[in-house]
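Start from the sequences and build out the full structure, keeping to the hints where you can.
Heads up: the protein sequence lines correspond to chains L and F, in order.
Under our numbering, the letters of the first sequence match residues 839 to 1043, in that order.
Under our numbering, the letters of the second sequence match residues 839 to 1043, in that order.
In short, the hints are calculated from the structure, not lab data.
None of these values were measured; they are calculated from a predicted model.
Since no wrong hints were added, every one of them can be taken at face value.
Any copy, or any two copies together, can satisfy a pair, since identical chains are not distinguished.
With a Cα cut of at most 35 Å, we get these calculated DSBU-like pairs of lysine-lysine: (1) LYS898 - LYS888; (2) LYS888 - LYS843; (3) LYS985 - LYS967; (4) LYS959 - LYS1009; (5) LYS888 - LYS1009; (6) LYS1009 - LYS843; (7) LYS985 - LYS843; (8) LYS985 - LYS1009.
Protein chains: 2
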Amino acid sequence: MEANKVPDIVVGRLPIYLRALTYLAEQGQAVVSSQELGQRLGISSAQIRKDLSHFGEFGKQGTGYEVAYLRDQLRRILQIENRWPVVLVGCGALGTALAYYQGFRAKGFEVVAVFDNDPNKIGQAVSDKVIMDVADLPDYVRNNAIKIAIVAVPSSAAQQTVDVLVSCGIKAILNYAPINVSVPAGIQVQYIDPSVHLQRMTFYL
Amino acid sequence: MEANKVPDIVVGRLPIYLRALTYLAEQGQAVVSSQELGQRLGISSAQIRKDLSHFGEFGKQGTGYEVAYLRDQLRRILQIENRWPVVLVGCGALGTALAYYQGFRAKGFEVVAVFDNDPNKIGQAVSDKVIMDVADLPDYVRNNAIKIAIVAVPSSAAQQTVDVLVSCGIKAILNYAPINVSVPAGIQVQYIDPSVHLQRMTFYL
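See below:
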């Protein structure tokens, strides 16, 4: 399988390419050169060509890439041709914003259930969902063969939440709690922490 | 200045180290080895030692790093010893969650003003702020010498918002709109797009 050979940093750039190609396709653009794509993304054209060469021959010398074709190939490579069901754990201010977020569906994901441990929230509506008891999470994940979870709980509850998710079959976790969590080998974790991004910029100010 | 010599990918890991060290200090841990830090973060101890060596000698062979000292040095290197004032543009569901987010202050940032262009929102309270008219943003940024902005507007308004921010002196932008924006040289942009992180993981599923 390709996944074993491709550097993780290359995989990390594919969604960025896909996002730009999706935008260009929506704008009606049929062909894009690696130069134009690179300029748009702040990545060198050589890097883009090298990254994509891991997966095959997508462009023609001198004419560039067919936008819709490359977009569809990246969707296939990233395995988002179909929509993945996702559970959301934690329905505070951030979890609520994520529950309402309309951007997931077009990108290959759908939040199918929202969980919290607060008795005052359980049973309440958020977006088009009813908040479920986190005690029912393991059964829900197993019964629906869910593989992806978004964690938006406080830091103090993050590791415990992740342990439960892993134990019931979750393979990929997007963690919004600002703390590093431990997972067994083979489980993917990605972090979103706005402070980390801000701190990365202040270095240069 | 150090900023010119250090690879950007190294700078990107410093906030991760800082987050772990801050956590360990809160737990009362005085000393940490690069091995323990690496295990916690999923980064090799050699990489950590190499990254930190760009900035000086922080550890002693065989004893490891003093947690509080290294934390303070990283705060100095990242220039977050003092708190940066930040403007937040866009007060939809996500902007609202960010306005209420309590995590920024401890990390060196404070949202000092929130802007929107919706007449129904302007003048309303969000967290301890009153939402201001985005038309007043340039004056506010200039008068208060703000350097950092968080953009949480729809994709369709992102480039225009960024152009305004740059024109009035903003140097670092954290962009939540799921679209790449163009900025002049010398302006930092970081992106937060949960779909990009999710897609990066589905590659491996």
